[in-house]
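**Student:** Sequence:
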Amino acid sequence: MAKKRAREADGAAEAPDKMVEDSESSDDDDFDMVNVDFEWFNFDPEIDFHGTKSLLRQLLDVDATLFDVSALADLILSQPTIGSTVKVDGKETDAYAFLTALNLQEHREKKPVAELTKYITEKAGTNEALKGIPDLLSSGKHVGLVLSERLINMPSEISPPMYGMLIDEIEAAVEDKEPYEFSHYLIISKTYHEIESTLDVEERKRKKGKQDATMFYFHPEDEVLKKYAVVSSTYDYTKIDDAVADSKRAFQEMGVMPRGFMILIEASKFADAAKAISEYLSPPS
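Residue numbers for the sequence shown follow our numbering, beginning at 82 and rising by one.
These are computed hints drawn from the structure, not numbers from a lab. Possibly wrong hints are sitting among the right ones.
Unchecked claim - For lysine-lysine, the following DSS-like pairs were computed, each having C-alpha atoms within a straight-line distance of at most 25 angstroms: (1) K308 with K320; (2) K356 with K199; (3) K134 with K212; (4) K222 with K199; (5) K258 with K308; (6) K350 with K222; (7) K134 with K199; (8) K191 with K356.
Keep in mind it's a predicted model, so treat the numbers as computed, not measured.
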């Protein structure tokens, strides 16, 4: 499989990790910059289980408890040449980010995929903007479920090469007659909006009606991907009461309310969407 690359040979990308301003310094240099080398690797079942499982829990947010996340991580690791991880301190460490695609039709009888498919179908069925997804998932067509997550402080610039490599790997897998010839790609992600803290009742009453309902993206690339979508929209988590708890901040005025987000893209448009991500997020040369 010539196109399926080993991440170790891809080289490392650099991005600033931390910038600290020293206001007391009398030197000409007022800022200290620490550069971190990010490296891309294939999934390794011997190394990546715990890191992948942790990132899946973060991606699925409060609804992660509804799924067998361990089995889902094992399934992802069973196809090591599809998708990639991003690490900082070498291959033996946990991933800081990952991206992969699962064939929902091929794995439909496996517990983690059956759970996810049922969940997606139910969520899409409650939102007119996601109309068509339930029928597609029951049609027998091969839909690629794209799962991607990274630690909160990871730069979004790591995303374009991950999508580019995923496309190369899927093309190589199709050439090798492996089951990755998809009709559509379904991306599961999440958004959030800010809401007022519920701790100070009087303050809440005074500011009643001023809630900021602007939607924000945890993954900036989702804003690009949705431009190529057949359908896309948010959905409420089943464990919404647990999500509400995240809005109850004692030391800041606004809390964060997460929501799930689906993006369905026809396979013929996926490469263009990935190219657009690269143009949007790649660091300036």
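**Student:** All hints are to be evaluated individually against the structure, with a verdict given for each.
**Tutor:** We went through each hint and held it up to the structure:
1. About 29 angstroms separates the Cα atoms of K308 and K320, which puts this hinted pair outside 25 angstroms; it is violated.
2. This hinted pair does not check out: K356 and K199 have alpha carbons roughly 31 angstroms apart, beyond 25 angstroms.
3. Note on K134 and K212: the hinted pairing is violated, with a Cα-Cα distance of about 30 angstroms set against a maximum of 25 angstroms.
4. Straight-line distance between C-alpha atoms of K222 and K199 comes to about 16 angstroms, which keeps the hinted pair within the 25 angstroms bound.
5. Restraint check: the Cα-Cα separation between K258 and K308 comes to about 30 angstroms, which exceeds 25 angstroms; the hinted pair is violated.
6. As the CA atoms of K350 and K222 are separated by approximately 17 angstroms, the hinted pair is consistent with the 25 angstroms bound.
7. Of the pairs offered as hints, the one joining K134 and K199 holds, with about 20 angstroms between alpha carbons and a cut-off of 25 angstroms not exceeded.
8. With a C-alpha separation of about 32 angstroms, the suggested pairing of K191 with K356 is violated against the 25 angstroms cut-off.
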